[in-house]
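Position chain P relative to chain G; hints supplied.
Going line by line, the protein sequences match chains G and P. Everything in the first sequence is counted per numbering that gives the first Met the number 0, starting at 0 for the first residue and increasing by one. Everything in the second sequence is counted per numbering that gives the first Met the number 0, starting at 0 for the first residue and increasing by one.
Hints should not be assumed to be uniformly reliable.
As the list claims (entries may be wrong) - Straight line, CA to CA, 20 Å or less: simulated SDA-like cross-link-like pairs of lysine to any residue:
1. G/K47 with G/T68
2. P/K67 with G/L128
3. G/K119 with P/K67
4. P/K67 with P/S162
5. G/K475 with P/A134
6. G/K47 with P/L76
7. G/K475 with P/N372
8. G/K1 with G/D56
9. G/K27 with P/S33
10. G/K90 with P/A134
11. G/K91 with P/R130
12. G/K34 with P/L94
13. G/K12 with G/P69
14. G/K47 with P/D77
15. G/K66 with P/A35
16. G/K390 with P/G217
17. G/K119 with P/L94
18. G/K91 with P/N44
19. G/K135 with G/S189
Treat the hints as calculated values from the structure; they're not laboratory data.
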Amino acid sequence: MKDLTDLALQKAKEAGAEYADIRIIDSKTESIRVKNGAVTGVSSRDNKGFGIRVLIDGAWGFASSSKITPEEIARVAQNAAAVARASAMVKKGEGVKLSPVESVKATWKTSYREDPFDVKPEERIELLLEADKRLKVDDAVRVTQGFMDLWREHQVFASTENSYIEQEITESGAGISATAVAQGEVQTRSYSGYRQAGYEYIKGLDLTGRAQKVGEEASALTRAPQCPSGYSDIILDPTQVILQVHESCGHPVELDRVFGQEASYAGTSFLTPEKLGHFKYGSDEVNIVADATIPGGLGTFAYDDEGVKAQRVTVIDHGEFVNYLSSRDTAPELGQESNGTMRADGWNRIPIIRMTNINLEPGDWDKEEMIRDTKDGILLDTNRSWSIDDKRLNFQFGTEIGYVIKDGEITGIVKNPTYTGITPEFWNSCDAVGNKDSWELLGVPNCGKGEPGQVAHVGHGAAPARFRHVRVGVGKW
Amino acid sequence: MVKDLALLGKEKALELVEAALKASPGDQTEVLISNADSYLTRFANNYIHQNVAERNASLTVRVVFGKKIGVASTNDLDEEAVRRTVDQAAMIARLQKDNPEFVSLPGPEPVPEVAAWSDETARFGPDELARGVAAVIAAARAGGLEAAGAFSTTASELAVGNSLGVRAYQKSTVAALSTVFMGESQSGYAQARSRDVGAIDPDAVAGRALDKALAAGGAQSLDAGEYEVILEPEAVADMLGFFVRSSFSAMAYQEGRSYLQGKLGQKLFPDSISIWDDGLDPTGLPQAFDFEGVPKRKVMLVDRGVPVNLLYDSYTAGREPGRASTGHAGPAMAGGFGPMAGNLFMAAGDASIEDMIMATKKGILVTRFHYTNPVSPVRTLLTGMTRDGTFLIENGRITAPVKNFRFTQSIADALVGVEMVGRERRFVGGWRGGSLVPALKIARFTFTGVTEF
Numbered sequence: 000m001k002d003l004t005d006l007a008l009q010k011a012k013e014a015g016a017e018y019a020d021i022r023i024i025d026s027k028t029e030s031i032r033v034k035n036g037a038v039t040g041v042s043s044r045d046n047k048g049f050g051i052r053v054l055i056d057g058a059w060g061f062a063s064s065s066k067i068t069p070e071e072i073a074r075v076a077q078n079a080a081a082v083a084r085a086s087a088m089v090k091k092g093e094g095v096k097l098s099p100v101e102s103v104k105a106t107w108k109t110s111y112r113e114d115p116f117d118v119k120p121e122e123r124i125e126l127l128l129e130a131d132k133r134l135k136v137d138d139a140v141r142v143t144q145g146f147m148d149l150w151r152e153h154q155v156f157a158s159t160e161n162s163y164i165e166q167e168i169t170e171s172g173a174g175i176s177a178t179a180v181a182q183g184e185v186q187t188r189s190y191s192g193y194r195q196a197g198y199e200y201i202k203g204l205d206l207t208g209r210a211q212k213v214g215e216e217a218s219a220l221t222r223a224p225q226c227p228s229g230y231s232d233i234i235l236d237p238t239q240v241i242l243q244v245h246e247s248c249g250h251p252v253e254l255d256r257v258f259g260q261e262a263s264y265a266g267t268s269f270l271t272p273e274k275l276g277h278f279k280y281g282s283d284e285v286n287i288v289a290d291a292t293i294p295g296g297l298g299t300f301a302y303d304d305e306g307v308k309a310q311r312v313t314v315i316d317h318g319e320f321v322n323y324l325s326s327r328d329t330a331p332e333l334g335q336e337s338n339g340t341m342r343a344d345g346w347n348r349i350p351i352i353r354m355t356n357i358n359l360e361p362g363d364w365d366k367e368e369m370i371r372d373t374k375d376g377i378l379l380d381t382n383r384s385w386s387i388d389d390k391r392l393n394f395q396f397g398t399e400i401g402y403v404i405k406d407g408e409i410t411g412i413v414k415n416p417t418y419t420g421i422t423p424e425f426w427n428s429c430d431a432v433g434n435k436d437s438w439e440l441l442g443v444p445n446c447g448k449g450e451p452g453q454v455a456h457v458g459h460g461a462a463p464a465r466f467r468h469v470r471v472g473v474g475k476w
Numbered sequence: 000m001v002k003d004l005a006l007l008g009k010e011k012a013l014e015l016v017e018a019a020l021k022a023s024p025g026d027q028t029e030v031l032i033s034n035a036d037s038y039l040t041r042f043a044n045n046y047i048h049q050n051v052a053e054r055n056a057s058l059t060v061r062v063v064f065g066k067k068i069g070v071a072s073t074n075d076l077d078e079e080a081v082r083r084t085v086d087q088a089a090m091i092a093r094l095q096k097d098n099p100e101f102v103s104l105p106g107p108e109p110v111p112e113v114a115a116w117s118d119e120t121a122r123f124g125p126d127e128l129a130r131g132v133a134a135v136i137a138a139a140r141a142g143g144l145e146a147a148g149a150f151s152t153t154a155s156e157l158a159v160g161n162s163l164g165v166r167a168y169q170k171s172t173v174a175a176l177s178t179v180f181m182g183e184s185q186s187g188y189a190q191a192r193s194r195d196v197g198a199i200d201p202d203a204v205a206g207r208a209l210d211k212a213l214a215a216g217g218a219q220s221l222d223a224g225e226y227e228v229i230l231e232p233e234a235v236a237d238m239l240g241f242f243v244r245s246s247f248s249a250m251a252y253q254e255g256r257s258y259l260q261g262k263l264g265q266k267l268f269p270d271s272i273s274i275w276d277d278g279l280d281p282t283g284l285p286q287a288f289d290f291e292g293v294p295k296r297k298v299m300l301v302d303r304g305v306p307v308n309l310l311y312d313s314y315t316a317g318r319e320p321g322r323a324s325t326g327h328a329g330p331a332m333a334g335g336f337g338p339m340a341g342n343l344f345m346a347a348g349d350a351s352i353e354d355m356i357m358a359t360k361k362g363i364l365v366t367r368f369h370y371t372n373p374v375s376p377v378r379t380l381l382t383g384m385t386r387d388g389t390f391l392i393e394n395g396r397i398t399a400p401v402k403n404f405r406f407t408q409s410i411a412d413a414l415v416g417v418e419m420v421g422r423e424r425r426f427v428g429g430w431r432g433g434s435l436v437p438a439l440k441i442a443r444f445t446f447t448g449v450t451e452f
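In isolation and in its complexed conformation, chain P is listed as follows:
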């Protein structure tokens, strides 16, 4: 089939922003438009069981009178619905009490161009997705296993404008394939994500899942306890996401909830640990600007073991005189989460996974985590399970697959114990973007329980 896309394009999207701004009676007004065409093909037990297409749009208006703010949104972009939404936001703002901490919406800054679009991804339709899925399933069948997973593509656009002169527009694509191969008593996982669907090789993803699953059969139960650990990039990304969300958000810091309270500028971790957020780096899923239209830039979070910066949106920046947004605002809706990272990077090291295994006396190799959840954010204490390929390493080699562990571990302590950093990084999806991270070898990691498989 031939796909027709419903994107508005830069000119039309910004015209719509302009019209909404013009209709607003507010002292300040912000308009955000997002629009997307998505396809997702889901498979399990070696067949496609769910297959969906979606076309959706949304327009969110933030109207400010003095220090009173109202927000309204609609997914109907007709002229009348847009005007109604502006009126609704203005009415809400008028009914409001002052929010004394609000200073201003951000002013205009030049927005950089980023390479976020792939024609091939935008053209990809359900037939092409099904062919990719068929390749994954063929590999699973050949290995006597069953595959489950999802292959998806999205083409989207985002436009932001405000009455202070901000105008920003970007269109982007993303494609993602993930799969779990399962046998009688084993499973293996692999994933790939890119703006360019051509960069995702279903055979390669299937090959990784197959190798893992075949190696994971006949897992033995091992006692919980403290072990050396090698975390593959998918597990590192999961852990890092929580760390940055709970510790580097200026909102958490300002409210005394961050682990970094009183620790910024101190050497906490080994030199090998550098972490940053960079919406402009084309090796991730680039974003030129945040949901307030503030341009993205590289923000160093941990520089050779020293936490150095926090992430700000205009609201949290306004609480600190002289501070500017770092370009990490989320969408303007009630109950916002505060500033968030969307494009995390961790510096590569010089070790291969094999080097790490060889350097391990008695440890655990973790493919990925499952259902991670903070137990105490201020301590960076996280719990979760291992999943889809967990192995015992003894005297420098993998000796057995093991049943899955529960861990309860401080992320900060884990980073303190990093001994080796992988030289290859993998891109792992996350909130509106993802993380490009290496594998890590960590001296001590606390497993607090074991499950039955």
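Pulled out of the complex, with its shape left as it was, chain G reads as follows:
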């Protein structure tokens, strides 16, 4: 492999590159889908190729190909240089500046106990079919589904700054869902999890054990009252906190968004640079970190796709906004060095700033105590719908189910719960965060960003959290 990366870097330098890197990637995916007791799909996908990124005259160029041969590497290196020269026709002032990075030779891989790809497909199918069967609790449950996705990516990164890094990431994910249809109402309840881990994680999800409750709640939701409209205290379960953190904290602290680099597509950010260190993002209870080092997270690695070492960075410190997620070419604009968050969706995409594991740190509330302490509220569980404006201020989320809290006790459920707010107002209304025992490491495997589109797998650790006086039950039902 080293001969190929050396060739790429040499050809890039010959073509005039001030800086170049190459990533050669070989990945495989195995997916199983079951539905209504039948296997509706089993597929495997092999995908490999390489991408070369060059900086010429202060402007970026990138070219990629699925054909890993010396001839193609030479052609693609030249093509990347041609693309960079085209960029230089309309470049930024004096051009891109990169923050320094140490030269590294390293290898790293996800640690796991049981290689998921070694588990027989029959065994994996059987697990899903068994869970699927248990979802069908009554006639209202019309559609039962299960999925399992295994993913492995082997990447070699080499740069003209003498780094050579080999990393192998393995992820396992699975889930179930039940859709109930009755009296013109359609309601879905689901349970799933993703982790950088082996098959032991999928076993630990206990899909079969959880299936009956998922089916029962889907069915019950078709008979449940509509979530009332008005203002209410809400407690978000970790399954919803992760989406709240993802959309209203994770994205707005991406420094490329802040600098307008995503403006035409996903948008910009309200967290403009003058707010750094001077903005009360949330209440004192709110502590959020970007932690690429936590074992098992979907955003865990040893080095990012620019060869910068993985870090744990505090983003929100007792409510104060203190840090962005940055890259080698954005950090210098703030007089900083990259904090290592550049990741690419495969060999055919450039690295862009990505959430690593963006975690709401645990507070000191026991979850049951938080419910007991709530007079009138709704506990919202499992994201169903999400939308936020292009500066990440006005958001509206829906969850699968709402548990009604009256005088400190759960007294029933409501269907179609939604809530809406403005990001800093909302996080400043947070007055309780669950303790370590209630904290979970979860993941979002489908975070979209960039043009051409990139999908990232990002991690989120979260505990339940309570927010006061939030608008709920939006829209006409």
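Structure of chain P alone, referenced to chain G:
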């Protein structure tokens, strides 16, 4: 620079399909090959900040034993990798349980020729893209604004064959330019998309974005609530895409998840609403066949206010005796989304945007939506934000730019309230194709929140 293209061409692509079919031990086998050369130049803050080229291929094999199906794919088209992928699909199929609802892969039908290719688009390289971007940026600078956006070209080919005799091949091109012009407190958006890059005029796209952005400065906050609304084509396409995906998919209908349950054939919307899917219409981005090689045809979805048909692939058609695929299959991978529309059209009306503004007492003009997401698909309830040019109309004229709204609105109810339909349609990109749609004036539209800009 001179671009060399990596496309295989019809003969070679179908030879590769043939070889993979021959290697398969399955009762039925399907082979899908796609291959593409793409360039995308992205700009922000009036300079090019990302600029990429990609050459990728893929081969997907679906092997069927009885009612057991296995799928495997690779992006390595070497002989050995192809054979390995066929073996892998066959191994997966053998390990499978029966899927009792599977009937058969589709049989062969004549595939029409469509005009999907432009030599000029295929030849366009990073230098030409940069020149187009430079023109857009010059217009933004002249207006004292900053431009962000992307200009891209793709040349691709798709080949499908199966053991029942389906053989289909098409090469296509697509070019797209989109931009947002931004100032201190305003933004304006415009886009264009075509198979022929020569049909995209960067100056015209820039001009539209500039006009919008200049008009949008100094936006005031207006209370949320129910307003008359004029949706420009980009907003209509966004809404229509969700409506068709959630309501007209035979899979959603068969599973009781569609809004149209029990409503097919009923008059739901005004006469002015006709919606169809047509992969053969050259005014869109034509496709001759779907991912199973079934030829495209015009499928009427809403005929003068009456929903009349659903979209089928071979699997969902197989669930209904006597039903055939309408040519809307996606690629054969686990967890398929079911049948999907790729070439939507909405009938034009006779109003101009100015006519609509003049007919509005108190309403909102929306340039486009942002981050739309279904809240309840069975109710067609959608939420999202307005973006890049939102204006208040009072007594027949635009009186002020306004801060962006959040809407939470049933699409079906919005269509019921359509009062005027635009006479000009714009082509807006979407999944593997796009939509050619007019602007709409709607009597009532529910805005449920306001943001700070």
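Going through the hints against the structure:
For the hint pairing G/K47 with G/T68, the CA-to-CA distance comes to about 12 Å; that is within 20 Å, so the pair holds. Simply put, P/K67 and G/L128 have alpha-carbon atoms about 15 Å apart, close enough for the 20 Å limit, and the pair holds. The hinted pair formed by G/K119 and P/K67 meets the criterion: a straight-line CA distance of about 17 Å does not exceed 20 Å. Of the supplied pair hints, the one linking P/K67 and P/S162 holds, its CA atoms being roughly 16 Å apart against a limit of 20 Å.
Taking the CA atoms of G/K475 and P/A134, the gap is about 45 Å. The hint is violated against a cut of 20 Å. Distance restraint check for G/K47 and P/L76: the Cα-Cα separation of roughly 11 Å lies within the 20 Å cut-off, and the hinted pair is therefore satisfied. A distance of roughly 16 Å separates the Cα atoms of G/K475 and P/N372; the hinted pair therefore holds under the 20 Å criterion. The hinted pair formed by G/K1 and G/D56 fails the criterion: a straight-line CA distance of about 27 Å is larger than 20 Å.
Among the hinted pairs, G/K27 with P/S33 is consistent with the structure: their alpha-carbon atoms are about 18 Å apart, no more than 20 Å. As the CA atoms of G/K90 and P/A134 are separated by approximately 14 Å, the hinted pair is consistent with the 20 Å bound. Among the hinted pairs, G/K91 with P/R130 is consistent with the structure: their alpha-carbon atoms are about 15 Å apart, no more than 20 Å. Distance restraint check for G/K34 and P/L94: the Cα-Cα separation of roughly 17 Å lies within the 20 Å cut-off, and the hinted pair is therefore satisfied.
Note on G/K12 and G/P69: the hinted pairing holds, with a Cα-Cα distance of about 16 Å set against a maximum of 20 Å. Of the pairs offered as hints, the one joining G/K47 and P/D77 holds, with about 13 Å between alpha carbons and a cut-off of 20 Å not exceeded. Between the alpha carbons of G/K66 and P/A35 the distance comes to roughly 13 Å, so the proposed pair stays at or under 20 Å and holds. The suggested pairing of G/K390 with P/G217 holds, with an alpha-carbon distance near 17 Å, which does not exceed 20 Å.
Taking the CA atoms of G/K119 and P/L94, the gap is near 10 Å; set against the 20 Å cutoff, the hint holds. Proximity of G/K91 to P/N44 is assessed by CA-CA distance (about 8 Å); at most 20 Å being required, the pair is judged to hold. For the hint pairing G/K135 with G/S189, the CA-to-CA distance comes to about 13 Å; that is within 20 Å, so the pair holds.
Checked against the numbered hints above, the structure violates hints 5 and 8; every other hint is satisfied.
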